[in-house]
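*Asks:* As a plain string of letters, each chain reads:
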Amino acid sequence: MPDERPAARSDDRTLRLVRAAQRGDTLAMAELLDVLAPYVGRICAPIALDQGPDAAQEALVAVFKSLRTLKDPAALRGWVRAIAVREAIRTAHRSARSVPADLSTLPARGDPQLSADIRDVLDRLSPEHRAVLMLRDVEGLDERTAAALLGVRTGTVKSRLHRARDTFRKAWTS
Amino acid sequence: MTEPWPLTDLDSVRRLRALAAGVRGAHVTEAHLEAPFEQVWALLDDLEGSFGQVVPDMERLRVISRNGERVEALAYSKYGMRARLRGVRRPGWCWLQSRFLLIGVAAAPEGAGTRVAFTGGVRVPGRAALIPVGVRREGGRSVQRLTDLL
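Protein sequence lines correspond, in order, to chains A and B.
Under our numbering, the first sequence has 93 at position 93, and the numbering climbs by one with no breaks.
Under our numbering, the second sequence has 143 at position 143, and the numbering climbs by one with no breaks.
Just chain A, same shape as in the assembly (with noise of 0.2 Å):
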């Protein structure tokens, strides 16, 4: 489902871009990529985590390789996005098969890191329950668009939520 919202919409000088690399201007590609590398490091570092540079990196890949078959170029911060997304979940899967996540440690309590605490708490969910959390809270996505996103029913998103905000919550407060 496209993300209509104006903040999901392109400037102008993106627009600009999108079409100019799509006519094949590589240089017009390499300014395309600078706008796109924050956004796309902002979305797969928290399902990512110490596999964001790959997921980003693999997302990148994935956009410029499809580039052409953008029909939409104002869509192009949620094609982006669903992009990202489905590279970081899955680079994230990858990563977990051969380097199983250690569960063991909790946050220490009153931890002045609040940027530690989060990085703790993300390392308790799965790539998915990630995923949710940071469409809802780093995006602002509804429940409706996640899931469509996600390819997901919003029940799925709601109850996933529900446990990622439910294991923030005891973290935050063990």
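Among the hints, erroneous ones may be present.
Which residues of chain A face chain B? A few of them, derived with a C-beta cut under 10 Å, are [what the hints assert, rightly or not]:
1) Ala37
2) Pro53
3) Ala59
4) Ile118
Cβ pair distances, simulated, as ranges [to be verified]:
5) Val152(A) - Tyr79(B): 56 to 64 Å
6) Thr154(A) - Arg70(B): 45 to 53 Å
7) Leu15(A) - Pro125(B): 41 to 49 Å
8) Gln39(B) - Pro38(A): 27 to 35 Å
9) Arg127(B) - Leu15(A): 42 to 50 Å
10) Lys158(A) - Glu30(B): 42 to 50 Å
11) Arg163(A) - Asn67(B): 50 to 58 Å
12) Pro132(B) - Leu15(A): 24 to 32 Å
13) Gly140(B) - Arg16(A): 35 to 43 Å
In silico lysine to any residue, SDA-like type, Cα no more than 25 Å apart, as pairs [claimed, not checked]:
14) Lys65(A) - Ser98(B)
15) Lys65(A) - Arg17(B)
16) Lys71(A) - Ala28(A)
17) Lys65(A) - Gly126(B)
18) Lys71(A) - Leu27(A)
For the record, the hints were derived by calculation from the structure and aren't laboratory data.
No residue lacks a Cβ here, since even glycine has one placed at the ideal position from N, Cα and C.
Please arrange chain B on chain A, whose structure you already have, making use of the hints.
*Replies:* Below, chain B without anything else, positioned relative to chain A:
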């Protein structure tokens, strides 16, 4: 949102891999060099000097204009051909195109050394595509020449 969520940024070599994926026929040649990034990039950043020695079939390169990261240059081939290259140059990154040529170079620190990546070749005019002849060999030559200069 006030929580500091994890972030990630892509280094130049990863960016080059992603961009080259969108250029049909492109090949990325990579190598780890046992030299610090500053030393490696000093060679690649010297567009009118050592850069021309590293990039295959280029006799010399003359910079016509610079505007921030943007650069325009004339490249002279050993075979007398001339190309007007336009592109972007910043530490660890150089991406130049003309109607018939594409040159992409990236470098990023890797341990105590440097990872370098090259791509490019003869462009299908005006397209994000290369004529896939010799692209692997040329990349290998660039790595060898750069290694020889260090």
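*Asks:* Are the hints correct? Go through all of them and say.
*Replies:* Status of the hints after comparison with the structure:
1. A hinted interface residue such as Ala37(A) counts as satisfied when its beta carbon comes closer than 10 Å to some beta carbon of chain B; here the least separation is about 5 Å, so the hint holds.
2. Annotation: Pro53(A) was flagged as interfacial toward chain B, and the flag holds, the nearest CB pair being 5 Å apart, inside 10 Å.
3. The interface hint given for Ala59(A) holds, since its Cβ lies 8 Å from the closest Cβ of chain B, which is under the 10 Å cut-off.
4. The restraint placing Ile118(A) at the interface with chain B holds, with a minimum CB-CB distance near 5 Å, inside the 10 Å limit.
5. At roughly 58 Å, the beta-carbon separation of Val152(A) and Tyr79(B) lies within the given 56 to 64 Å, and the hint holds.
6. At about 47 Å, the CB distance of Thr154(A) to Arg70(B) agrees with the hint of 45 to 53 Å.
7. Between Leu15(A) and Pro125(B) the C-beta distance comes to about 25 Å, which lies outside the given range of 41 to 49 Å.
8. With their beta carbons about 28 Å apart, Gln39(B) and Pro38(A) fall inside the hinted range of 27 to 35 Å.
9. Taking 42 to 50 Å as the suggested C-beta distance range, the pair Arg127(B) and Leu15(A) does not conform, at roughly 21 Å.
10. Take Lys158(A) and Glu30(B): their Cβ atoms lie about 45 Å apart, and the range 42 to 50 Å holds.
11. With their beta carbons about 52 Å apart, Arg163(A) and Asn67(B) fall inside the hinted range of 50 to 58 Å.
12. For the pair Pro132(B) and Leu15(A), the beta carbons lie near 31 Å from each other, so the given range of 24 to 32 Å is met.
13. For the pair Gly140(B) and Arg16(A), the supplied restraint of 35 to 43 Å holds, since their beta-carbon distance comes to about 37 Å.
14. With a CA separation close to 21 Å, the supplied pair Lys65(A) and Ser98(B) stays within the 25 Å bound.
15. With a CA separation close to 11 Å, the supplied pair Lys65(A) and Arg17(B) stays within the 25 Å bound.
16. Restraint check for Lys71(A) and Ala28(A): satisfied, since their Cα atoms lie roughly 17 Å apart, inside the 25 Å limit.
17. Between Lys65(A) and Gly126(B), the direct Cα distance comes to roughly 17 Å. Compliance with the 25 Å bound is thereby established for this hinted pair.
18. With a CA separation close to 20 Å, the supplied pair Lys71(A) and Leu27(A) stays within the 25 Å bound.
Violation of the numbered hints given earlier is confined to hints 7, 9; the remaining hints are satisfied by the structure.
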